[in-house]
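> Chain R: place on chain V using the hints.
The primary structure of each chain is shown beneath.
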Amino acid sequence: MAKIVIDGKTYEVNPANNLLQECLSQGLDLPYFCWHPCMGSVGACRQCAVKQFRNAEDTKGALVMACMTPANDGAIISIEDPQAQKFRAQVIESLMISHPHDCPVCEEGGECHLQDMTQMSGHNYRRYDKKKVTHNNQYLGPFINHEMNRCITCYRCVRFYDDYAGGTDLSAQASHHHVYFGRHEEGVLESEFSGNLVEVCPTGVFTDKVFSEHYSRKWDLQTAPSVCVGCAVGCNTTPGERYGSLRRIVNRYNSEVNGYFLCDRGRFGFEFVNSDERIREAQHVVNGSSSPLTDAQVKSVFAELKSAQAIGIGSPRASNEANYALRCLVGEENFYAGMSAAEFDCVQLHIQLARDPAFHIPSVREIEQADAVLILGEDVTNVAPRIALALRQSVRNKAKELAAACKIPQWQDAAVRELAQRQNSPLCVLSPYATRLDDIASDCVIDSYAVLTNVAYAIASAIAPAAPEAKPARERAELVQRVAAQLLSARRPLIIAGSSGGAVMLRAAANIAKALQGSRHSPVDLCILAQEVNSVGLGMLAGSGQNLSAALARIARGAESRAIVLENDLFLRAEHGAVAAAIDKLEQLVVVDHIATATTQRADYLVPSTAFSEHEATYINYEGRAQLSYQVNRCHSQAQPAWRWLHTQSDMHVANLVDRCAAEAAGFAGLQAVLPDTSQFIAGMKIPRQSHRYSGRTAMKANLNVHEPKQAVDTESPMAFSMEGIPSQKNASILGAAWAPQWNSNQSISKFQAEVNGELKQGSVGALLLQKQAASGGFFSHDLLARPASNDGLQLAIAYQIFGSDELSARSPAIRERMTAPYISLSPADARSRGLAQGDEVAIADTKFTATVCIRSRMQDGTAALYCGANEIDQFSLPTQVELSKTGFNSARGMRGLIVSDLHEEGY
Amino acid sequence: MMQKKAIQGKKHATNLVETIMLSLFKDTFTSQVKTLYQVFMHAFVKADTVEYPEEQPYMFPRWRGRIILSRDPDGEERCVACNLCACACPVDCIALQKAETEDGRWYPEFFRINFSRCIMCGFCEEACPTNAIQLTPDFEMAEYIRQDMVWEKEDLLINGTGKYHDYNFYRVAGMAIKGKGKGMAQNEAPPVNVKSLLP
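Chains as they are written, first to last, in this note's numbering: chain V, 1 to 908; chain R, 909 to 1107.
Same shape as in the complex, but just chain V:
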């Protein structure tokens, strides 16, 4: 700890930081633009000037940029010095010279960092009367609007997009006052993290296009802390609602999970909530004709099912409360996880490994600290995108190490990058097709899962001879040794695997981690990716073997004639024929869901539930972290939270249900820790979901009735559906939206952090449920996938897409614009031997399913990767080895929107 003096007051600071970081950490207001807590300093904007004095006797001092000056012990600075203040006002005046006069028609207005900083430095009148520089805008795809005139050239966009997120198609162009930030030509921004530009840009150059289509000012949105339901990472979000529809999602800071950034699926994939496909009323369907049901009739249906024996099928996209309520209703032995057998095996193994003391499941922040990474058979960018962004930071640990050796502070971003050039920490990717992380990978192995598993086992045995031995192909032997050496010499190695490669690959990953652990005597980071937001929670609730196949088999045996399906489209989880046959066999199928699916179409009783923003719920992410997501808006239809339909007790609240789940369900002890401590609230008052500037209260519904309705009362949570109450200024985990006096943008989060870019003041958010068990298991035995019997067919792997593979986000119009049709990736040699060209349409095996041929130069001969679209192809009906037959050339479907690095150009 060092001591510095700011405006005559002494503060204890961390000498590893710069002055700007420390000023903000101490809660002081100092304007800045180009510095970002995650991206370090470059000193481009000159806005954070402060006066630094050499010693106590020095009265003259010198202006320094706070972001470029270390917080050395004994430093004496002044923010309020008149010369520093004047300098800052002049800097912002010059930045604003060409700023267009368009705040009223700017989506950033009201949450604009530039507005805040301009106010803070006191500039209010444009004295410069010469012409303003203008720029043409570009079309940047369905997510982002471009308005280049507003730019103040802080370079944050390219520093995020290129340097932080590894994008290649956004650059700084031209020079001096002509500097332009855009693509080399108009087109879709390719990065999966482009949405963060909206928050990174301190002004309105990059704005949220989806939000703009139904725009509201930040102060007019009803907001509450929520959790993204797009994948198993469980990023923290703040959705905003106005006039009954969900308008946008912005990032909510959580130091352990998503930090400052979200992926585009999470940010733009929420519009299924507003979709016309929502189920709005309960129906009883008899012979194709449906009749509405009252709430009481629905309750009686469930009461009847409680007394009769019924099968309950839970869902990895439903909350813990809903799944638990279903389990209570049907009984533990009749509760099945609505996941395919293969995925359920992976989830069970996932939970088992997470409880093993030999392994540590790292949080996203811990992933960023890894200095050697091995990815086993998982396409991280498309399955858990936020983790891919973290991995891009992990490879920079080499640069940080080099910088530390040269005594360069970590926040000196340009210097650290310059020093390291392109030297990265090792990252090895084993994947059936080239992934979006290959540009930072030190090694890539692209082959069938059978071969990849073999390589993985070989790496384990190369690290620890005790591990089951495997013989990789001769040309891979060197790679195996190299990767093993990299992992062994790393300070913090990380193994990543997921369910894409199946349980076999997970066991191989566990063996490698176990082998490393043997030489380290401390838990090894093993990151296992689950597929969906609550896959882990559902896996903890369902008994072993209680997967969807088992449920379907039980129905097919005719053992049970009634079933309840909870927020789950069974046709996504098992072979279509088997699901249809089982449903035909049922006498009564009750489906509780919020959106129309193939399963809801087959329901006898259809019960509407609420979507993620319309109820309070807990979800468990890949690391076993339970997180609470508050209700944002009310659902104006018959829909109720699924748990409320399923629970027969009428006086149930989420809080009681969470308590009960924690007490009764195995493994859920500690879940109640996610509930807010209401004793801390000021005068027992609620926390408002609406800002103190919320407008239109007496007019928004006046067209219906001039007598305003009473504000809705929230009986579930400590938050209010109104402006009433006191927003917590300390606890950002239960805050409508981050806001502090003078700080209207999302940058205000620094006021809620104990230290900038550190934990929130109230500490880490969420409860880690997967407790370590005493005994650690041994190595898994050698169970390689069966080698192909013949070389005739192509070894099939399933490919995922960030836009499309998730059932719910795929309903959002903006996401749909970025989705591609089903495609099958082949190597050039395989395509040539089959007479296939880029863009041809082929039938897969003997099925009716067709896909577009995508020839990729880095595919391994004899393998194919199939993307099934939004369940357009039934992946469970396909054999592991397929042959293709050409059905025609289809240029219309093509591979529009597909972004791969190794598209084979020849003959296209």
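These are calculated hints, taken from the structure and not from any lab test.
There's no promise every hint is true.
Unchecked claim - Simulated pairs of lysine-lysine, DSS-like, Cα-Cα distance not exceeding 30 angstroms: (1) Lys86/V / Lys9/V; (2) Lys1088/R / Lys132/V; (3) Lys130/V / Lys1088/R; (4) Lys3/V / Lys407/V; (5) Lys209/V / Lys1086/R; (6) Lys1103/R / Lys209/V; (7) Lys761/V / Lys772/V.
Since the structure is predicted, the reported quantities are computational estimates derived from the model, not experimental observations.
This is chain R only, laid out in the frame that chain V set:
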């Protein structure tokens, strides 16, 4: 000695009472007469009140009455749905929703004022960056049914510029709309050619 002083004091007090009584009587009397005279004379003064509604009073242009939405000199809606009026409104009686025309102009999809809540404070007019929302000297807004005091955009939008005749937001703002591209607003240079190497 003491006795003499007391007698003198008593005499002095009697004189004081007499003096006060006398002046009071004098003042009251003259005041009464004066008032009677003034009231009488007022009968011959020109009346300040007017025979409303037969006779309409002159309303000053900046009087804060019925709110309107105006159009710019080209006849287009001035409101850009920035929401600042709604934010400034102390009784929260303005609600609107932003939409965008194909030309790129922002406009309110609906714009509603609940006049039964409005206190005619004029904050909305002060907040308006485009001179769209203006208060007019019209005050005759009474209704028998309260619901009729909810005015929609169709009721609020007039066909003129209101009090401010020349201002057109899009001529000043940098945002491009159909017919006014980048660099064509007031005080703007033509768009930069990023591929040029010239200074």
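> Which numbered conditions among the earlier hints are violated in the structure presented, ordered from lowest to highest?
Those not satisfied: there are none.
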